[in-house]
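Let the sequences and hints guide you as you build the complete structure.
Chains as they are written, first to last, in this note's numbering: chain A, 6 to 505; chain B, 6 to 505.
Since the hints were made in silico from the structure, they are not lab data.
Careful, some of the hints might be misleading.
Distance windows between CB atoms, simulated [stated by the list, open to error]: (1) A/E127 with B/L114: 53 to 63 Å; (2) A/K496 with B/D228: 28 to 38 Å; (3) A/R322 with B/G386: 53 to 63 Å; (4) A/N259 with B/E211: 26 to 36 Å.
30 Å max Cα-Cα, derived DSS-like pairs, lysine-lysine [claimed, not checked]: (5) B/K496 with B/K464; (6) A/K102 with B/K67; (7) B/K67 with A/K67; (8) A/K496 with A/K338; (9) A/K67 with B/K102; (10) A/K200 with A/K338; (11) A/K464 with A/K453; (12) A/K102 with A/K67.
Note that the Cβ used here is the ideal one computed from N, Cα and C, for glycine as well.
Number of protein chains: 2
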Amino acid sequence: MSTESTYRELVSDLIRIDRLSSIFGLLGWDEQVNLPIASASRRAEELAVLSEVIHRESTCGKIGSRLDELEQNADQLEFPERAVVREARRQYDRATKIPAEFVARKTTLASESFHAWVNARENSDFSVSRPHLNTQLQLAREEAGYLGFSGEAAYDYHIDQHAPGLSAAVIEPLFSRLNTATVSLLQQILQSTGKADTSIFKGFPEDTQESFLRAVTGSIGFDYTRGRIDRAVHPFCSGNGADTRMTTRFNVDNPLDSLFSSIHETGHGLYEQGLPMEHHGTSLGTAAGMAVHESQSRLWENQVGRSRPFWEYWEERLRTAFPEQLKQVSSHKLYLAINAVRPNLIRVDADEVTYNLHIIIRFDLERRMFSGDLNVGDLPGAWNEAVRERLGITPETDAEGCLQDVHWSGGAFGYFPSYSLGNMIAAQLWYTLRDDLPGLDDDFRIGKYDRLLAWLRDKVHLQGRQFNALELTRRVTGSELSPDPLIRYLKERYLPLYAG
Amino acid sequence: MSTESTYRELVSDLIRIDRLSSIFGLLGWDEQVNLPIASASRRAEELAVLSEVIHRESTCGKIGSRLDELEQNADQLEFPERAVVREARRQYDRATKIPAEFVARKTTLASESFHAWVNARENSDFSVSRPHLNTQLQLAREEAGYLGFSGEAAYDYHIDQHAPGLSAAVIEPLFSRLNTATVSLLQQILQSTGKADTSIFKGFPEDTQESFLRAVTGSIGFDYTRGRIDRAVHPFCSGNGADTRMTTRFNVDNPLDSLFSSIHETGHGLYEQGLPMEHHGTSLGTAAGMAVHESQSRLWENQVGRSRPFWEYWEERLRTAFPEQLKQVSSHKLYLAINAVRPNLIRVDADEVTYNLHIIIRFDLERRMFSGDLNVGDLPGAWNEAVRERLGITPETDAEGCLQDVHWSGGAFGYFPSYSLGNMIAAQLWYTLRDDLPGLDDDFRIGKYDRLLAWLRDKVHLQGRQFNALELTRRVTGSELSPDPLIRYLKERYLPLYAG
Numbered sequence: 006m007s008t009e010s011t012y013r014e015l016v017s018d019l020i021r022i023d024r025l026s027s028i029f030g031l032l033g034w035d036e037q038v039n040l041p042i043a044s045a046s047r048r049a050e051e052l053a054v055l056s057e058v059i060h061r062e063s064t065c066g067k068i069g070s071r072l073d074e075l076e077q078n079a080d081q082l083e084f085p086e087r088a089v090v091r092e093a094r095r096q097y098d099r100a101t102k103i104p105a106e107f108v109a110r111k112t113t114l115a116s117e118s119f120h121a122w123v124n125a126r127e128n129s130d131f132s133v134s135r136p137h138l139n140t141q142l143q144l145a146r147e148e149a150g151y152l153g154f155s156g157e158a159a160y161d162y163h164i165d166q167h168a169p170g171l172s173a174a175v176i177e178p179l180f181s182r183l184n185t186a187t188v189s190l191l192q193q194i195l196q197s198t199g200k201a202d203t204s205i206f207k208g209f210p211e212d213t214q215e216s217f218l219r220a221v222t223g224s225i226g227f228d229y230t231r232g233r234i235d236r237a238v239h240p241f242c243s244g245n246g247a248d249t250r251m252t253t254r255f256n257v258d259n260p261l262d263s264l265f266s267s268i269h270e271t272g273h274g275l276y277e278q279g280l281p282m283e284h285h286g287t288s289l290g291t292a293a294g295m296a297v298h299e300s301q302s303r304l305w306e307n308q309v310g311r312s313r314p315f316w317e318y319w320e321e322r323l324r325t326a327f328p329e330q331l332k333q334v335s336s337h338k339l340y341l342a343i344n345a346v347r348p349n350l351i352r353v354d355a356d357e358v359t360y361n362l363h364i365i366i367r368f369d370l371e372r373r374m375f376s377g378d379l380n381v382g383d384l385p386g387a388w389n390e391a392v393r394e395r396l397g398i399t400p401e402t403d404a405e406g407c408l409q410d411v412h413w414s415g416g417a418f419g420y421f422p423s424y425s426l427g428n429m430i431a432a433q434l435w436y437t438l439r440d441d442l443p444g445l446d447d448d449f450r451i452g453k454y455d456r457l458l459a460w461l462r463d464k465v466h467l468q469g470r471q472f473n474a475l476e477l478t479r480r481v482t483g484s485e486l487s488p489d490p491l492i493r494y495l496k497e498r499y500l501p502l503y504a505g
Numbered sequence: 006m007s008t009e010s011t012y013r014e015l016v017s018d019l020i021r022i023d024r025l026s027s028i029f030g031l032l033g034w035d036e037q038v039n040l041p042i043a044s045a046s047r048r049a050e051e052l053a054v055l056s057e058v059i060h061r062e063s064t065c066g067k068i069g070s071r072l073d074e075l076e077q078n079a080d081q082l083e084f085p086e087r088a089v090v091r092e093a094r095r096q097y098d099r100a101t102k103i104p105a106e107f108v109a110r111k112t113t114l115a116s117e118s119f120h121a122w123v124n125a126r127e128n129s130d131f132s133v134s135r136p137h138l139n140t141q142l143q144l145a146r147e148e149a150g151y152l153g154f155s156g157e158a159a160y161d162y163h164i165d166q167h168a169p170g171l172s173a174a175v176i177e178p179l180f181s182r183l184n185t186a187t188v189s190l191l192q193q194i195l196q197s198t199g200k201a202d203t204s205i206f207k208g209f210p211e212d213t214q215e216s217f218l219r220a221v222t223g224s225i226g227f228d229y230t231r232g233r234i235d236r237a238v239h240p241f242c243s244g245n246g247a248d249t250r251m252t253t254r255f256n257v258d259n260p261l262d263s264l265f266s267s268i269h270e271t272g273h274g275l276y277e278q279g280l281p282m283e284h285h286g287t288s289l290g291t292a293a294g295m296a297v298h299e300s301q302s303r304l305w306e307n308q309v310g311r312s313r314p315f316w317e318y319w320e321e322r323l324r325t326a327f328p329e330q331l332k333q334v335s336s337h338k339l340y341l342a343i344n345a346v347r348p349n350l351i352r353v354d355a356d357e358v359t360y361n362l363h364i365i366i367r368f369d370l371e372r373r374m375f376s377g378d379l380n381v382g383d384l385p386g387a388w389n390e391a392v393r394e395r396l397g398i399t400p401e402t403d404a405e406g407c408l409q410d411v412h413w414s415g416g417a418f419g420y421f422p423s424y425s426l427g428n429m430i431a432a433q434l435w436y437t438l439r440d441d442l443p444g445l446d447d448d449f450r451i452g453k454y455d456r457l458l459a460w461l462r463d464k465v466h467l468q469g470r471q472f473n474a475l476e477l478t479r480r481v482t483g484s485e486l487s488p489d490p491l492i493r494y495l496k497e498r499y500l501p502l503y504a505g
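Right under this line is the structure:
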């Protein structure tokens, strides 16, 4: 059989697995958006059966032999095809080297651990979560071991799962510079006289909020003919570029929450919708990882969505939608509320300045747990110390401390760094694209985003997973990934505002 | 291996297939309720991959050998277990005897045929549909042939697919009596002075309609903790008893349409929710077929939902929900509108008296097409003649004649009879249960349906598919299936109303 036809058969295998995975994803979306309360256990059974099927397809020996053959004849493949083979190998190794027994054990323990976390958080009792967290950490090490990552490298394995190409050693100096600059910027902001007030909003009907956010997200480019937005407890973006499913939630006394979380999810959605459709299912049609994904959501949410030119267009429309509710709110107050900065104990409620501090804290603690420097039992103290040091406030309970996020209890280690890596990439792309697209602010002032979207499509979305986050950043911006553009952006955005 | 453990393994195979089929069903529901307009081709790909998986699971040789072994040792099995093996054999034979090549060909042609039908109906041009209808008929014969049904028996195969145990020879005399009695009853109604007017409704807001129908369907017993109702172009009930998904649609000038279609779908939903949960996936937890299913939807919609005692409770609540809209509508007019009888060319808009005539026409034409008595090319003329003869009106176009239903173009032959068989079973159950449950009308007068639902649970729902429609009717009512109770019910319901 020719290399070409082997490649075609590999692609066909990958597409079949991708379509089954999409179905799995839809079941997850449905669970969050639609599932009746007493139907959860049946859904769990369905997911278990479908997982088994996907695992069987993913570990099929034919894929292994196709990969062997293609790797031996790699010189006959073009670069994009080699990128497909490389990523397929990565997935295949992960699927075949991790024993089914381990996957089953991990699934069971994750469920127990999740319920213990819910209970622990409700009662703010870390001792309930502690043994499960220990088990999750052991499992995470065991999993990394199957793929050949032992000792401290186990953490690198998990980072790489979410942000391919990244490692603790690469991240540490970047986060360290970002930490120092952010702490200093935060001091300046807190000492300034400008004060944002987000309690100025009252009684914004949900339906009107929804119409408004649909207008905004549609206008920035989300294609509602192949995607939708629904209500769920937590905002997220799932599905794929052919059928993108976003969610949001509404608070009648905080219209900015649903609006900005929807712009954020739209950033994710635009990335998925911009991946080359004809390559969906292979790495050429797959996002480059969570860090790059987060760069897209953050760029639209923050660099674009919180900018003055953006609001020069939308403020009038917001006032038309909510004339009574905004009568007493001046333009200045509105813009300050949109760009409020205030140290907060809870990551998901953090503003864009302090957000990275939350992430840096988690990265540092994760790294120390993997290296053995930090025992799980000492986590609450270490957490509170780290928060006090950076944010100047201290959690009164573990519920607003180390129990606030589900990630670790769900076994998701190495996920957090992607958020701040995404923020760094977003800012770095931002300065490059502003050089490439002069007059972009004028576009925003008339509600036009097509030049920006076309640029992102070309430079990021259409690249799929050919390059990892570091390679992609270097190719597009001409520089290595750095925290400096993010630091510059935060200063340029927030210092004038809070000095004013 | 013991017979007992072989049986357990068979059940585990069947449950796995059932859960995958449930996922397939959810994708179908999502397609009708949520799917963005440009996402259809991706969904088709997902369904194709999942179909392949389900087909592979369903034709797995291990199931065949387990069935062989269990059939040889049938004496070691209890009756319910034998019912499970019997139905599993039926499914397995169908899955293995029909070649994959045929299934693929049928799927492709069904899609072409469907699009031709949409086009033909839009332009009322039968010639567009004719060749496809011919192909569908040939395919239907071919499929029946694989299972050993040739010649006229091919039609029986298709009837049996939807209503196990039924055949054209059984149905023909039942429908013949029903036809004669209905035509005569219709004459009496049309000659009466009582006239229903359904154009008395204007401006019923959709949201209030929805609240009202949720109150009604919840009160008759639909369990919304394991089911939901959404909006779709056509009302239907999908899913299963652990997660039942109904749909409805709203017309602001016809609140009865969404209300009665929702009560109808609730009847289906109650049946699914009443199947024994611990047996979901085997025939013990599966509905007895479409005819029995339709008996449940019709009984709640018609025998219960259009009755005076039912409305003695709900009329006041309807008026509270729509005070202005109903101010000019007297109780008598409302009840007449609920029980309007008027010959209509379109089956789905037909009332419960004339509905069966629509079905009898289709049964007769299907039978003649399978026997070769009727060429597809002669269908429009034969259709119009049959309609004129029974309903006294004639379609002006084929769009309101033989092109109105999608069934045949989709290859669904033998499906129509289930609707009227269901009506017959519903009426036959109705008289039995009224004997068993004295004072039932008083229950309805205070909005109570628990005794009725418990009776249906016990006699019908909990029986699963142990018995076919004929056996079940005989066991529950003590009589053979007959059109007489339905004829009696229609006379008792409509003659006083239209003589009044």
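Comparing the hints with the structure gives:
1. Separated by about 57 Å at the C-beta atoms, A/E127 and B/L114 satisfy the suggested range of 53 to 63 Å.
2. The hinted window of 28 to 38 Å between A/K496 and B/D228 is violated, with their beta carbons roughly 57 Å apart.
3. The hinted window of 53 to 63 Å between A/R322 and B/G386 holds, with their beta carbons roughly 60 Å apart.
4. Restraint check, A/N259 to B/E211: a C-beta distance of roughly 28 Å satisfies the suggested window 26 to 36 Å.
5. For a cut-off of 30 Å, the pair hint linking B/K496 to B/K464 stands: about 26 Å separates their Cα positions.
6. Restraint check: the Cα-Cα separation between A/K102 and B/K67 comes to about 28 Å, which is no more than 30 Å; the hinted pair holds.
7. The suggested pairing of B/K67 with A/K67 holds, with an alpha-carbon distance near 23 Å, which does not exceed 30 Å.
8. Annotation: proposed proximity of A/K496 to A/K338 holds, straight-line Cα distance about 20 Å (limit 30 Å).
9. Distance hint between A/K67 and B/K102 is fulfilled; the C-alpha atoms sit about 28 Å from each other, no more than 30 Å.
10. Of the supplied pair hints, the one linking A/K200 and A/K338 holds, its CA atoms being roughly 9 Å apart against a limit of 30 Å.
11. Note on A/K464 and A/K453: the hinted pairing holds, with a Cα-Cα distance of about 19 Å set against a maximum of 30 Å.
12. For the given pair, A/K102 sits about 16 Å from A/K67 by alpha-carbon distance, which is consistent with the 30 Å threshold.
Violated hint: 2 only; the structure is consistent with all others.
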